[in-house]
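Take the given structure of chain S and dock chains R and F to it, following the hints.
Residue numbers (this note's numbering), protein chains in the order written: chain S, 1 to 348; chain R, 1 to 278; chain F, 1 to 299.
Just so you know, not all the hints are guaranteed correct.
Stated by the list, open to error - Here are a few chain R residues that sit away from chain S, every Cβ distance over 12 Å (derived from the structure): (1) Q31; (2) D41; (3) R69; (4) A80; (5) S219; (6) A233.
To be verified - Listed next, the in silico DMTMM-like pairs over lysine to aspartate or glutamate satisfying Cα-Cα at most 25 Å (straight line): (7) S:K168 / S:D203; (8) R:K2 / F:D199; (9) R:K186 / S:D129; (10) R:K2 / F:E191; (11) S:K311 / S:E300; (12) S:K114 / S:D176; (13) S:K178 / S:E30; (14) S:K114 / R:E170; (15) R:K2 / F:E194; (16) S:K154 / S:D176; (17) F:K143 / F:E157; (18) F:K143 / R:D41; (19) S:K95 / R:E170; (20) S:K154 / R:E171; (21) R:K186 / S:E53; (22) S:K114 / S:E139; (23) S:K178 / S:E224; (24) S:K168 / S:E139; (25) R:K186 / S:D152; (26) R:K186 / S:D70; (27) F:K105 / R:D265; (28) F:K143 / R:D34; (29) R:K186 / R:E168; (30) S:K95 / R:E171; (31) S:K154 / R:E170; (32) S:K154 / R:E168; (33) F:K143 / R:D51; (34) R:K186 / S:E113; (35) S:K95 / R:E168; (36) R:K186 / S:E102; (37) R:K186 / F:E12; (38) S:K95 / S:E139; (39) R:K186 / F:E11; (40) R:K186 / S:E112.
Don't read these hints as lab results, they were simulated from the structure. Keep in mind the model is a prediction, meaning the values are calculated, not measured. Glycine is no exception: its CB is placed at the ideal position from the N, C-alpha and C atoms.
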Amino acid sequence: MAGIEIRSLRKQFGDLHAVDGVDLSIRDGEFLVLLGSSGSGKTTLLRMIAGLERPTAGEIHIGGERVDGDVPPRARGIAMVFQSYALYPHRTVFKNIAFPLEAVRTPRKQIEEKVRWAADMFSITRYLDRYPRQLSGGERQRVALCRALVRDPKVFLLDEPLANLDAKLRNTARDDLKRFQRRIQTTTVYVTHDQVEAMGLGDRIVVMEHGKVRQVGTPQEVYEDPVDTFVATFVGQPPMNLLDLRDASLPAGTLVGFRPEHLLPRSVFGPGEDLRTLRFSVRRVEYLGSDRYVYGSVLESAAPDATVIAKLPANIALAIPEGETHEFAVPRRLLRYFDAATGLRRPP
Amino acid sequence: MKRVALYAAALGFVVFAGFPFYWMLVTTFKQNRDLYVGASDLSHIPWIFNDPPTLEHVKLLFGQTDFPRWVLNTLLVVAAVVVITVAVAVPAGYSLARLAGRWGERMGMGIFFTYLIPPTLLFVPFSRLVSLLGLQNSLASLILIYPTMTIPFCTWLVMGFLRSVPWEIEEQAMIDGYSRLAVILKVAPRLIVPGILTVVVFSFTLVMQEFVYALTFISSVEKMTVSLGVPIALVRGDVYHWGALMAAALFISIPLAIVYNLFIDRFIQGFTMGAVKG
Amino acid sequence: MTPRRTLADREEVLGGVMLAPALAYVILLVGVPFVLAIVLSFSDATAGSLRFGWAGLRNYAAILADPIFLRALRNTAVVTIGSQVLVVVLATAAAQVFRTTFRGKRFARFVLLLPWAVPVSLAAIAWTWIFDSTFSVINWTLKAAGLLHGWLYWLGEPGLALLAIIIVQAWRIFPFATVIVLAGLSSIPQEIVEAAIVDGAGFWRRLFQVELPLLLPVVTVAVLFGVVYTATDLGVVYILTGGGPANTTHVLPTLAFQRGILGADLGQGAAIAVFLLPFLIVVAIAMLRLARRAEVGAR
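Chain S with its partners taken away, still in its complex shape (with noise of 0.2 Å):
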């Protein structure tokens, strides 16, 4: 069991800027999330903790030794599961499992038995004899888990280990896998792109961006406090909505955003509540069962075209005819504000 430490680590391919200038502490037995879109540099970043890329500057400490420079990936203590889950093919799930405990020389009959320990927790023993090929996609990801698991790693690094399953099977397995974390107890990075697994997974992500971190913090956190509009918008489905509201009690060029399900009709709100009010100009309706959608633009707003969404739960029956303007309302205490110029969190 470890934590890790990252200063100022930095990795260049090239003149682009993969990794640029990050500071993180990873708390042991953690469940980290670096959540980022494709290029932000968070895959890169793993693969420094795992050894993979030498970092061009800064250093990493993995359990309080610093491992950056000339720690070999099979000496850091780490176990990586990766987005093709990296089984090799030639081998039967048991020896897929069993070649980390081949590698440190361990005695046959010990190697049975953590084996079976491992296929046991995952539910895999009856797979032991087959080979990766004649597995599903939920099945190669368990077994490539236990192969991480059998090493009795100090940290797990995931990379997408859920991208490759089908939408059904990744909500259950992203269950199995918060469940399996918490029962060990071991830290975890996990790198992903989708927003949804890292609010559900993490004890804390890590919002990435073109290399550098934009912020850090509780999935409440990031959702509720976004430091700029970058993570604003990239949390959240749909996106938080900005104006500029061009409101006399605000410094100039500051945006005010608030989350698509606090905009709702003024009518539903008590009457004790401080209460920002909209006029919505609504363009049309989307029915999604347990929600609705009203597109459309606030008369209020610098650009009145710009398009707003407000997020409706079902047990608001009112109806919203299109093509009209409607009183809508925001709770002030909801409202976030930003500086329009650097994306920056402003106080109220």
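Showing chains R and F alone in chain S's frame:
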């Protein structure tokens, strides 16, 4: 109508490509009196067997010429060149694809370009080099020189092949507790097997086909390879034994063509150098 | 204590060690002889002795004044261009046929590849027999079909002999080109072709306005290799005509062989072979540009 045109075109190409081989076949098994009838005699159709087929030319080829000897020589050279090529080109291709980093690609292309330098440009200096080494008129000279043709192309083939094999399995092994060297020795070979097979076949066919260096270095009949001996030494004085000649050509071509057919797509990937995406 | 990186972990070291033999082979046995080929062309070296004297441009002056050499140079160009034109036409046509499915395609493909698989020298000897002055099956067939009234001495007349050489070179290389073009065809996204069909483009418009432009890089690759294989080939001419009749059908490789090896004048042989370089340099540059484009396209 379209189908008819298609079959006609296909037939046309097959006839053009295959007719010399048909001619080899017919000549091999024809009796001499059926074979040597001047083409101005329009009543005698040369395309068919006018007399019963015979094995006389085949017997001559295997019994009274050095052909079996040449086959042995060729196989010896093939075996040695294949071993050298695999031993040299496979590690080099791996190194360029996996270990050399950013300049691997360029270096690989540089090595590949030496494949374009033809034997006909190099045989003059090689004739001097070979005599300096005292290897003239020996199979050893061929074993030394042939890898200059196989290594560049095969290094490129292996490099290209490895690029289509994901890294991740080898990286996984490094994380699973193995050193880089252990990965190369224990994990990589199993992943490269198809690439190695391609290298073997390419070297094999190239050595079978080579003519220029053999012609330059080898002067005595008993040291010749098939591709040299058949056209040069089966001709006795001015007399061509066409039956035996064509028999030899046929027996070498057909197995080679079968092997080629199985591997052509792999070679083509090497030749097209990324201009074609698989 | 955690183990540190050992030699077995150092990628640069391992990479260097694994690459070294290939690099040594290429440098010592291709690079050095290549330089030697050029050096020899400025020398009066002969095969008989190991003496080596500087001859300046004398070899070049001698061959440039030699009508046989000039003829060989011209023949090389004529054979290369002539055969490659044939190859492009045949290969694009054959690729159109072989991309479809038809009965017996596997066998047809096998036969199509035969010319490329067979050793050059054996193919050349078979063609020598086909073009034989007395027994030529071609002459018989032309006569039987009523197309020929006199007699064609295929390998005995300079013009006919060059034609024969062009035919054999095209025959031997078009299967290879066909397979390359086929690989190119299969890599054209099917959607593009289907989009063209939906847009109402007929077969010919599709061929000339959609497929051929997309195929251009691949066809170029085929032609470039074809140029190298034909311009530098010794076997076909050596066996078919031996440069005859009366030294009229020599190409650069056969003349270099005759002067340098048979005539033992290494200097002159090397100088003749050096004239292959322009062909090769053009090819190399074209390939580099193509490769760069492919690299850019891949990103």
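Query raised in the report: Any hints this thing doesn't respect? Which numbers, in order?
Result: none
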